[in-house]
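Asks: Be aware that the sequence shown starts at 1, since it is given in full-length UniProt numbering, and climbs by one per residue.
Derived from the structure by calculation, the hints contain no laboratory data. Each residue gets a CB set at the ideal place from its N, CA and C atoms; glycine is no exception. Hints are not guaranteed to be accurate.
Per label pair, the in silico range of CB-to-CB distance [to be verified]: (1) L144 - K173: 42 to 52 angstroms; (2) R8 - K34: 25 to 35 angstroms; (3) L51 - S156: 20 to 30 angstroms; (4) M183 - S224: 29 to 39 angstroms; (5) G13 - S133: 47 to 57 angstroms; (6) R120 - F78: 28 to 38 angstroms; (7) A221 - F31: 24 to 34 angstroms.
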Amino acid sequence: MLYLNQYRKPLDGKPMTVASKRGYLTYVKTFVEKLYVKDLLSSNTLENIELPKLGRPLPKAIFTQTEISKILDQSLVFGFTGMRDRAIMETFFATGIRRTELANLDIDDVDLNEQQVRVRKGKGDRERIVPISTRGCEWIAFYLSKIRPRISFISSGSALFLANNGKRFKPNKLSDMVSRYVMLAGIKRAGSCYLFRHATATTMLDNGADLRHVQEMLGHADISTTQIYTHVSRTKLAEVYGKSHPSALSNLSIF
């Protein structure tokens, strides 16, 4: 590890990145472990060596409120399947849940009276209760009464959101669907379902939500994961300040 820390690239003299250090150490640890398993080494000297931790990257793209409205509106021209897609995207934005969590939702997981969604199969098998907006509930209620009966079969079971074949939506198909509407909205940005999740988190924090509450809603085991979105909010704050605060707008200098 000392060698990796002291190493400098021949061309520019820059140190090795954390990702590169982690990669090289992983290769060496795997190689030594195989030698140990095959009794070619008397002990695994690298077993307790910890790999360098990679920093959590900031979300590169966050939907604005205007962009979200444009994306949602694209569904209105696709008939009853478009209405289903609208209900799905409204649920994504209203709850901030992951695509797998949404795909796993059953009808009984949504309480329209209490305006909450039970996520039973969250990441790490952690169950949580997530609030959902009135608008989100209205779209789900419309979908359940007008759309789902058109595409459901006996084999559909209790799945909440159904694909065109009457079966539970698969997570990758949800991504394909959202990506299509992002493209139709003319937004030149990679990403799909998780961008709604990012937008939910940053919007709540921008409007004064407590970090712990956002952590609970998103189902993060570690609050440091949620703190990523505070950095995004601070960036937005700096931009707003630069465009609106008198001191930032003034060209006057004290010198």
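Asks: If you check each hint against the structure, which ones fail?
Replies: Numbers 1 and 3, in rising order.
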